[in-house]
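J.: Construct all of the structure, not just a fragment, from the sequences and the given hints.
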Amino acid sequence: MSAPTDLGRADVAIIGGGLMGCATAYYLAKGGVDVALIDRTEINREASGANAGSLHLQVYIHPHFPDDWIDRIRPTIVLMREAAKGWATIEAELDADCGVRLGGGVWVAESPEEMALIEKKVAAERAGGVMSEIVMSNELRSIAPYLGEHVIGGSFFKGEGFANPLLVAPAHARAAKRYGARFFTNAPVTGITRESSGGFSISTGRAVFRASRVVAAAGAWTAELGRMVGLRLPVEGHAIQVQVTDGRPLVMLDHLLQHVGLGLTLKQSPNGTFILGGGWPAYYDRQQQRNTPLQNSMMGNAWVAARTVPAVGEAQLVRAWGGVGSGTPDGRPILGESSQVKGFYVCYAPLGFTMGPICGRILAEHFLTGEATVPLAPFTPDRFLEQAS
Amino acid sequence: MAMDDMTIGLRVRVKAGVTRGERLSFTFDGKPITAFRGESVAAALLAAGERTLRITAQKGAARGVFCGMGVCYDCMVVIDGEPSRRACTTLATEGMEVETLVGYGASR
Amino acid sequence: MTGSIEKKDLVIIGGGPAGMAAAVEARRAGVESVCILDEGISLGGQVYRRFGPGFTVSDQHAAGHEFRAGQTLIDEVMASGADIRTSTVVWGIWDKRIAFVRDDVSASTIEARAIIIATGARDRPVAIPGWTLPGVITAGAAKTMVAIQRVLPGRRILMAGSGPLALAFSAQLQALGANIVEVAEAAPAPRSLSLAKLFMEGDLETMIDAARYRTKLMISRVPLSYSTIIVRIEGGDEVQRAVLARVDRDWRVVPGSERTVEVDTVVLGYGLESSSELSRLIGCKLSYDRQRGGWIPERDAELRTSVPGVFAAGDGSGIGGAKHAEAEGRVAGIAAAGDLGALGAGEANSRIAVVHARLMRMDRFLTTLNQLYLVGPGLFELATDETVICRCEERTVADLDAIIADGVRDPNIVRALSRIGMGRCQGRNCASNVAAAIARRANCPPELVAPLSVRPPIKPVPVAALAEERPQSASETVTS
Numbered sequence: 001m002s003a004p005t006d007l008g009r010a011d012v013a014i015i016g017g018g019l020m021g022c023a024t025a026y027y028l029a030k031g032g033v034d035v036a037l038i039d040r041t042e043i044n045r046e047a048s049g050a051n052a053g054s055l056h057l058q059v060y061i062h063p064h065f066p067d068d069w070i071d072r073i074r075p076t077i078v079l080m081r082e083a084a085k086g087w088a089t090i091e092a093e094l095d096a097d098c099g100v101r102l103g104g105g106v107w108v109a110e111s112p113e114e115m116a117l118i119e120k121k122v123a124a125e126r127a128g129g130v131m132s133e134i135v136m137s138n139e140l141r142s143i144a145p146y147l148g149e150h151v152i153g154g155s156f157f158k159g160e161g162f163a164n165p166l167l168v169a170p171a172h173a174r175a176a177k178r179y180g181a182r183f184f185t186n187a188p189v190t191g192i193t194r195e196s197s198g199g200f201s202i203s204t205g206r207a208v209f210r211a212s213r214v215v216a217a218a219g220a221w222t223a224e225l226g227r228m229v230g231l232r233l234p235v236e237g238h239a240i241q242v243q244v245t246d247g248r249p250l251v252m253l254d255h256l257l258q259h260v261g262l263g264l265t266l267k268q269s270p271n272g273t274f275i276l277g278g279g280w281p282a283y284y285d286r287q288q289q290r291n292t293p294l295q296n297s298m299m300g301n302a303w304v305a306a307r308t309v310p311a312v313g314e315a316q317l318v319r320a321w322g323g324v325g326s327g328t329p330d331g332r333p334i335l336g337e338s339s340q341v342k343g344f345y346v347c348y349a350p351l352g353f354t355m356g357p358i359c360g361r362i363l364a365e366h367f368l369t370g371e372a373t374v375p376l377a378p379f380t381p382d383r384f385l386e387q388a389s
Numbered sequence: 001m002a003m004d005d006m007t008i009g010l011r012v013r014v015k016a017g018v019t020r021g022e023r024l025s026f027t028f029d030g031k032p033i034t035a036f037r038g039e040s041v042a043a044a045l046l047a048a049g050e051r052t053l054r055i056t057a058q059k060g061a062a063r064g065v066f067c068g069m070g071v072c073y074d075c076m077v078v079i080d081g082e083p084s085r086r087a088c089t090t091l092a093t094e095g096m097e098v099e100t101l102v103g104y105g106a107s108r
Numbered sequence: 001m002t003g004s005i006e007k008k009d010l011v012i013i014g015g016g017p018a019g020m021a022a023a024v025e026a027r028r029a030g031v032e033s034v035c036i037l038d039e040g041i042s043l044g045g046q047v048y049r050r051f052g053p054g055f056t057v058s059d060q061h062a063a064g065h066e067f068r069a070g071q072t073l074i075d076e077v078m079a080s081g082a083d084i085r086t087s088t089v090v091w092g093i094w095d096k097r098i099a100f101v102r103d104d105v106s107a108s109t110i111e112a113r114a115i116i117i118a119t120g121a122r123d124r125p126v127a128i129p130g131w132t133l134p135g136v137i138t139a140g141a142a143k144t145m146v147a148i149q150r151v152l153p154g155r156r157i158l159m160a161g162s163g164p165l166a167l168a169f170s171a172q173l174q175a176l177g178a179n180i181v182e183v184a185e186a187a188p189a190p191r192s193l194s195l196a197k198l199f200m201e202g203d204l205e206t207m208i209d210a211a212r213y214r215t216k217l218m219i220s221r222v223p224l225s226y227s228t229i230i231v232r233i234e235g236g237d238e239v240q241r242a243v244l245a246r247v248d249r250d251w252r253v254v255p256g257s258e259r260t261v262e263v264d265t266v267v268l269g270y271g272l273e274s275s276s277e278l279s280r281l282i283g284c285k286l287s288y289d290r291q292r293g294g295w296i297p298e299r300d301a302e303l304r305t306s307v308p309g310v311f312a313a314g315d316g317s318g319i320g321g322a323k324h325a326e327a328e329g330r331v332a333g334i335a336a337a338g339d340l341g342a343l344g345a346g347e348a349n350s351r352i353a354v355v356h357a358r359l360m361r362m363d364r365f366l367t368t369l370n371q372l373y374l375v376g377p378g379l380f381e382l383a384t385d386e387t388v389i390c391r392c393e394e395r396t397v398a399d400l401d402a403i404i405a406d407g408v409r410d411p412n413i414v415r416a417l418s419r420i421g422m423g424r425c426q427g428r429n430c431a432s433n434v435a436a437a438i439a440r441r442a443n444c445p446p447e448l449v450a451p452l453s454v455r456p457p458i459k460p461v462p463v464a465a466l467a468e469e470r471p472q473s474a475s476e477t478v479t480s
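Residue numbers (the numbering used here), protein chains in the order written: chain A, 1 to 389; chain B, 1 to 108; chain C, 1 to 480.
Derived by calculation from the structure, the hints in this document are not laboratory data.
Predicted model only: the values in this text are computed from it and were never measured.
Ideal placement from N, C-alpha and C gives every residue a C-beta, glycine not left out.
One should not assume that every hint holds.
Which chain A residues face chain B? A few, computed with CB under 7 Å, are given here [what the hints assert, rightly or not]:
1. G247
2. P249
3. G272
T.: This is the structure:
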């Protein structure tokens, strides 16, 4: 058998070309690091490029989440705060149009129980520096006049909104390339082995790439990468879907709207189309080899959207697609170096589209200086190490 | 009663082989338009010489009927306040208020 | 889902000649529940479209033999016992569960044991400078306007297209009172040898018609120019004039041959594309044939697609015209009845054999015909940088070229980066032009350019229709 092709080497190899990977590549390259990014297909192919564009800069929660969910994710609130600052300046920083609109984030409730959940959420957000506010019915309707009659109250945070998932990761990738980062696409990683020199040898089938350090930025596939180096990284992915209407008169004021009791994220893009999300399940179509929307999800999602914002009920559904969602048991990102596999870093977050740029930035900060704007300890990959017997 | 179609709509209605149903009237941007039951809004407007049905959102370009079968969505107009209705698939009815669609339409 | 799902033996999607013929044969073979779903207000599809309510046919002869053929088939279907649902838009299929919206307001689902896709065709979108001006319409639109709506689309009409249909159509329009200023046929004048070959293989009625149409046009002195293509349409806000040019055998413009005609209406009749979105959604194996409609599902001799239980018939699986579609519909209906167990294999085979003979003859005729009017590559080279290529999103050729120049070769990625194909028409008016542009840049044949991926909804559907019922799982969507 012939020796595998040598693709070369880099100081840092980032595995995964979604927003996490591209953002990390940008910040590391900008910091002078010799970076190469490897992706199994093309960049922005999976979750980063197929989501609804929502910037979840407030706590994301629903009634059926575990009771202690806010406690579990509390350390991420300060991350959200920093992420919000980043999103406000990202287009200027990258000198690229990313479709960012930060008109404000509205959460709504239809019942006292749902309202109580929003109150609990707002308290945690404010304590963490995300200054959301409870808004009751009349005032809510003056902020968000497009709401239907079932909403009794909610919250508003002016720093939230949405961006265009088709543009953000590519913009980071272009900026990374300007700083010398190299990109290898259509190179699925099949194995990672430790070299005697202390670095890593990354196999992509018939080819090999070498790096002193590796950043796992594979989103929903993080667990698979972890297994290659013997690490347990419990990330679970699932198929979700998004759907889009035709262009309608503008009513939603660049808000990101979310329903705390029902599955709904809703926004209206500048060209008038409503974008409906909310974590509705899709399914993996083996024949077409991609996540595909489900009938029940399309209809259920439409029901919630039309009920919450009647103007959506006047539109036509034009497109739908499947995307990827993922999470960890404690709902927190996995950021930082593994103490068990030295030189192996993880850069993963649930709601990764929102968190991509900030995670890439603080991981790079930590990498370059040993410190970061937001402490990484709560997010360490070590928290999943099997307890020593 | 056979209508003398040729004098209606300036000799653009075809007489041969059909009798039309009752005549009706609707408005387009406030102007009265004659139609016959069974005609699409697009056909009646064409007969009246009205070919620009909408102005596009980004470039302000004039559009009208293109495919005539409901596939291209270029013939969209506002009907009774509702934006983005296809003129070629909508039958004209008495008293309908049809307007040029500008962009995505005005908020209601 | 809370609503109950109807069950049917056979669901036929599309109520044109193929769909109607399939229903007739399936019912004749004894299939119990046969359902036709069509988006029109009445059966007939495009080619056999009926007059609107209120119109009465006062002279069958003047209505045309195509209208009469359509009426015969419609009468057969109405008498067959098939469940006919018009104003019905199919928006998605999961396995054999078909989701549709009726009358724009109510959403339902039917679970079928077998499906026949008979979704027909649409005019080929020809992107040339000025093609978005009001006054430019497709041959299909002109036919609907004149033959069905009985309204002349303009005062001075230019017919620009190719193929005997374009010729026949011009004469029809003219006979109904349209002022056809010129007919510009892109192909060269057919040589008498080719015409003779056509005559021998052809449907005599069609050939006599064709000869008659040509004569009619000559008698009324409508200029008929061969090897002539429309290169540009001009006007302020509406069509005011068109520019024609002579072309070589590849339909490429002969420099210096441009000339202007003063017209207010341009009819573009450069062929048809199969509406194959549904077969692509279902996952049928496809092949590409530019002359026969683009991406079409592969089928066996009994018109089964690669997906078990799914048949495809008519122009939606390859352009052949009304009679061809009807014959295919009959084959599919019989074969489906056989597969469903309503008809024994022997009986099914012998019924199919009868239709097959007719189909084979038509196929030979079509092959020869297509050779005479091969779509020339020059047709896809008329657009300039400023030409709109995505009508819905107002994107130009320059916008597309910028993406292709960056190395993108997949129309799906083009769509993601430029919005070309994201509009209401869902790519129907731009996909083939985008593919042609990519093929030219990549110097590869168009069949190597991936088709646009199709997902539900395959037609725009009202949110309100889908939002009718409270779903069971609205509050338990997946975490994160």
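J.: Decide, hint by hint, whether the structure agrees.
T.: Here is what the structure says about each hint:
{"no.": "1", "hint": "G247", "verdict": "4 Å, holds"}
{"no.": "2", "hint": "P249", "verdict": "4 Å, holds"}
{"no.": "3", "hint": "G272", "verdict": "4 Å, holds"}
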